[in-house]
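Peer 1: Sequence:
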Amino acid sequence: MPDRTWDSLARVTRVCLRVAEVALVLSALAIILSTFFVTVLQVRGTGNGFEKDDVLVAAHHVDFTRGDTVAFFHGNRILVRSAIAISGDEVDVLDNGHLAVNGVESPAALTPEDLARSEVSFPSTVPEGGVLVVIGQGDTSALHQVVGEDFVGRVVLQVWPVGRLGRV
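Going by numbering that gives the first Met the number 0, the sequence shown opens with residue 0, and the numbers climb by one from there.
Please note: incorrect hints may appear among the correct ones.
[Unchecked claim] The calculated SDA-like cross-link candidates involving lysine to any residue, where the alpha carbons are at most 25 Å apart (straight line), are:
1) K51 / S81
2) K51 / D67
3) K51 / P111
4) K51 / G66
5) K51 / L23
6) K51 / L156
7) K51 / T68
8) K51 / Q157
9) K51 / W159
10) K51 / V133
11) K51 / G152
12) K51 / G74
13) K51 / Q41
14) K51 / E127
15) K51 / S123
16) K51 / V151
17) K51 / V155
18) K51 / I77
19) K51 / H73
20) K51 / V158
21) K51 / G135
22) K51 / T124
23) K51 / V167
24) K51 / V39
25) K51 / I134
26) K51 / A115
27) K51 / L164
28) K51 / R76
29) K51 / T139
30) K51 / A107
31) K51 / L40
32) K51 / P126
33) K51 / L28
34) K51 / T38
35) K51 / A19
Keep in mind the hints are simulated off the structure, nothing from the lab.
From just these sequences and the hints, can you work out the full model?
Peer 2: Structure representation (structure tokens):
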């Protein structure tokens, strides 16, 4: 009988070691993925079609197109906004307050106060590797250029809530 007990204990030990080994490998893969390829974000506010506590995946090192949803650092927070203009685009303000991107009127409109708060002067060309987004809170908005290390990535997937799982 004691031999059977030792055999059972050895079997349980092997299973526990195997589970720990798999968990370690999966943890290493998750760290590598999140460091070099994707970032998982939880939405803290509302806007851009997302609600509080939605979970998004942003891919690093991808190209952006106008209208893409991008995640970027602004101060000590990560914001998620739509790209209004991308690298090389010419941006100007029309008399009605709307933006013109490459001569085509955009639905984005800013008040004179919003323009005064903006980091961009007009006319302007979006720098290489950058995008132009509208950031705001409440009734105030401003234009913000995102370039270089401020980028987190392009939002490619919504993973929570499960009912809205899908590509962005």
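Peer 1: For every hint, state whether the structure bears it out.
Peer 2: Tested hints:
Straight-line distance between C-alpha atoms of K51 and S81 comes to about 17 Å, which keeps the hinted pair within the 25 Å bound. With a C-alpha separation of about 20 Å, the suggested pair K51 and D67 falls inside the 25 Å cut-off, and the hint holds. The hinted pair formed by K51 and P111 fails the criterion: a straight-line CA distance of about 30 Å is larger than 25 Å. Among the hinted pairs, K51 with G66 is consistent with the structure: their alpha-carbon atoms are about 21 Å apart, no more than 25 Å.
For the proposed pair K51 and L23, the alpha carbon gap of about 32 Å is over 25 Å, so the pair is violated. Of the pairs offered as hints, the one joining K51 and L156 holds, with about 16 Å between alpha carbons and a cut-off of 25 Å not exceeded. Among the hinted pairs, K51 with T68 is consistent with the structure: their alpha-carbon atoms are about 16 Å apart, no more than 25 Å. Note on K51 and Q157: the hinted pairing holds, with a Cα-Cα distance of about 13 Å set against a maximum of 25 Å.
Restraint check: the Cα-Cα separation between K51 and W159 comes to about 11 Å, which is no more than 25 Å; the hinted pair holds. Using a Cα cut-off of 25 Å, the hinted pair K51 and V133 holds, with the two alpha carbons roughly 19 Å apart. Between K51 and G152 the CA atoms are separated by roughly 20 Å; this keeps the pair inside 25 Å, and the hint holds. Between K51 and G74 the alpha-carbon distance is near 20 Å, which keeps this suggested pair within the 25 Å criterion.
Between K51 and Q41 the CA atoms are separated by roughly 8 Å; this keeps the pair inside 25 Å, and the hint holds. Proximity of K51 to E127 is assessed by CA-CA distance (about 33 Å); at most 25 Å being required, the pair is judged violated. For the hint pairing K51 with S123, the CA-to-CA distance comes to about 34 Å; that exceeds 25 Å, so the pair is violated. The suggested pairing of K51 with V151 holds, with an alpha-carbon distance near 19 Å, which does not exceed 25 Å.
As the CA atoms of K51 and V155 are separated by approximately 18 Å, the hinted pair is consistent with the 25 Å bound. At most 25 Å may separate the alpha-carbon atoms for a hinted pair to count; K51 and I77 meet this at roughly 14 Å. A C-alpha spacing of about 18 Å is found between K51 and H73, which places the hinted pair at or below 25 Å, so the restraint holds. Under the criterion of a C-alpha separation no larger than 25 Å, the hint pairing K51 with V158 is consistent with the structure, at around 13 Å.
Under the criterion of a C-alpha separation no larger than 25 Å, the hint pairing K51 with G135 is consistent with the structure, at around 17 Å. Restraint check for K51 and T124: the C-alpha separation of about 34 Å exceeds 25 Å, so the hint is violated. Simply put, K51 and V167 have alpha-carbon atoms about 16 Å apart, close enough for the 25 Å limit, and the pair holds. Distance restraint check for K51 and V39: the Cα-Cα separation of roughly 15 Å lies within the 25 Å cut-off, and the hinted pair is therefore satisfied.
Proposed proximity of K51 and I134 is supported: the alpha carbons are some 17 Å apart, at most 25 Å. For the hint linking K51 to A115, the alpha-carbon distance of about 30 Å lies beyond 25 Å, and the restraint is violated. Using a Cα cut-off of 25 Å, the hinted pair K51 and L164 holds, with the two alpha carbons roughly 15 Å apart. Note on K51 and R76: the hinted pairing holds, with a Cα-Cα distance of about 15 Å set against a maximum of 25 Å.
Annotation: proposed proximity of K51 to T139 holds, straight-line Cα distance about 20 Å (limit 25 Å). For a cut-off of 25 Å, the pair hint linking K51 to A107 stands: about 24 Å separates their Cα positions. Proximity of K51 to L40 is assessed by CA-CA distance (about 11 Å); at most 25 Å being required, the pair is judged to hold. At roughly 32 Å between alpha-carbon atoms, K51 and P126 are farther apart than 25 Å, so this suggested pair is violated.
For a cut-off of 25 Å, the pair hint linking K51 to L28 is broken: about 28 Å separates their Cα positions. Simply put, K51 and T38 have alpha-carbon atoms about 18 Å apart, close enough for the 25 Å limit, and the pair holds. Proposed proximity of K51 and A19 is contradicted: the alpha carbons are some 35 Å apart, above 25 Å.
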